[in-house]
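*Asks:* What follows is the residue order along each chain.
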Amino acid sequence: MKDFAIKTSKLKKTYSSESEKIVALKEIDLEIKPGEFVTIMGPSGAGKTTFLNLVGCLDKPTSGGLDILGCNPMELNEGKLSRIRVDKIGFVFEDFLLVSSLNALENVQLPLIFAKNFKNNTNPETLLKRVGLEHRLTHFPNELSGGELQRVAVARALVNNPQILLADEPTGNLDTKNAQGLFDLFRELNREEGLTIVVATHNLRLGHSTDRIIHLNDGRIEQDERLVK
Amino acid sequence: MKFFILAYKNLKRRKSRSFLTIGGVAVAVAVLVCLLGFNAGYQEALTSDIDKMGYQVVVTAKGCPYEAATMILNGEAGLKFIDEDIYKQITSDPDIDKITPLLAQLAYDPEKMEGKGGFTNYLGIEESYMPLKPNVEIITGEWFSGNDVNEAILGYDAAESEKKSVGDKISIPGKDITLTIVGVFNRTGSQEDGTVFLPLKTTQRIFDIEGKLTGIGIKLKKIEKISEFEERLYPMASIQVISMSQVKGTILNLVNSAKILIMSVAFIAIFVAIIGVINTILMSVFERTQEIGIMKAIGASKLDIFKLIWIETLIICTLGGVFGSLVAIFGGNLTELLVRKVMPYAPGGKLLLITPELLLFSFLGVIIIGVISGLYPAFRAASMRPIEVIRSGE
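From first to last, the protein sequence lines are chains A and B.
In terms of the working numbering, the first sequence is residues 1 to 229.
In terms of the working numbering, the second sequence is residues 1 to 394.
Simulated from the structure, these hints should not be mistaken for laboratory data.
All figures in this text were calculated on a predicted structure; none of them were measured in a lab.
Just to be clear, a hint being listed does not mean it is correct.
[As the list claims (entries may be wrong)] Okay, derived cross-link-like pairs now, SDA-like style, lysine to any residue, Cα gap no bigger than 20 Å in a straight line: (1) Lys15(B) - Lys60(A); (2) Lys12(B) - Phe140(A); (3) Lys60(A) - Glu78(A); (4) Lys116(B) - Lys164(B); (5) Lys9(B) - Glu143(A); (6) Lys9(B) - Glu78(A).
[As the list claims (entries may be wrong)] Derived, one-sided and incomplete: chain B residues facing chain A with beta-carbon distance under 10 Å: (7) Asn10; (8) Lys12; (9) Gly293; (10) Ile367.
In this text, a Cβ means the ideal position worked out from N, Cα and C, and glycines have one as well.
Okay, chain A solo, but in the shape it has when bound:
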């Protein structure tokens, strides 16, 4: 097993439009170890989401090296990238991004449809129970609170037993109590299952409950702070 889950070297991402060229990430060098719980912090436009999208194989870097669990997404076609997304990575989004026509349980089951390896799954009901939603299985997204929606999204991200959990501003739409609850859940998953977790957030207090805070600003790493527990 490699001694890192995510490794980037001179990772760069630029977005080009007709009028301008935006450099979202400028030569990021970074290593995240398996089982690490990392926070990415920084103001809006710092490159947090871009970083998570690249690590989550949702987008391809412009240049530089990227290694995710031994795979180089730059060399993979779209089909193989979607395989990595479904098998190895769980993604939690700020806006929850649940499918409104499916109930909580069906939303959690959704990745299983796309996963070809059925052996590696956790039972969706068990997961919903773990996130404290056993009484909400058949509720649709419009019948759930913000905190509940985010917990369904976490359960969905975990159903294929990923090795890396990425969360982009997962507490952005949650109140303080729910936000803390979510981070407690992340910590539990990290401790009990050795899950590598990378969370982008603005919340410094929540960031301090993790192992490491990487401060991004204007597409560069401003500070890489390891927290002593």
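Following the hints, position chain B against chain A.
*Replies:* The following block gives chain B in isolation, referenced to the frame of chain A:
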């Protein structure tokens, strides 16, 4: 949960739209099945009608042979008369196997159809009629007791609709004559089921057309000899020889030309249905941009999304195919009724022949259409980039 369930849920979400699209496909399938079924059925019914007629050749007064043939097939009167002498002259022709004189007449009966009024067909026949009609027999009663007696034999339906049986009396409207029913023919499935049969001489007397006929039915020893036979009759200026197989061919040709026209209409219906399916699915793809983005973000591949959208299209088309076939099967009788009203000549028997093969053919056709119409929307959906949905966070 499987792809199928997911696709089904998506369609269920937009019930009325899915339902209307399925309806569009169903109409196209029903039209196709009915048209193809009609074509096969008409051909079979016409062939059976002509075969049941027993005559291969009919001699009538000169005029439009097809009009004459149609009238004879319909058991209608209105034909011009020929002299009975001609019958006597032809009878001795060496190529003739069987021959019978016919005199068709029509009378308006104001009491018919429960007071609504309608025409009754009368056919004057002789005993030579029966050998030409192997499928006709008297089921109750017996043949006329003489050549010029006031007796009638009713076709099966005529007896049924008039509620008459052997021994009852009937009268011909406008004629001061009462006829005794001496027999009833079996059901033949042809137009003659509704005819009142009289002895030839009686018909001539009642309608005041002594010595006249409207046609002569002939079966030749060998049908190949028809042109020689026709040639021999050629000098008789007032008559024409109509070969029923030629008539059949011509009627089928006419029906086929009409079929091409109707088929174009059917194809337009199918085309509109395809556009409808593409539109529905494409709209739902556009409406679900975010949802498809989410699915791709959590690991759905291009192929997965393609499959999902394709299954939705197939569900619509399959349900459309099933409902369309049901409509064709159960609504076919209605179509038949309509066709009978508008066609100048509709043979007896079932006009619409919907076979399992035809249903299977139409069903496979609609599935192929579904597969094709699903291609573009599925491709559009599969090409969506998840990042565009997810990026809203930054």
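*Asks:* Enumerate the violated hints, using their earlier numbering and listing them in ascending order.
*Replies:* When the structure is compared with the hints, numbers 1, 6, 10 turn out to be violated.
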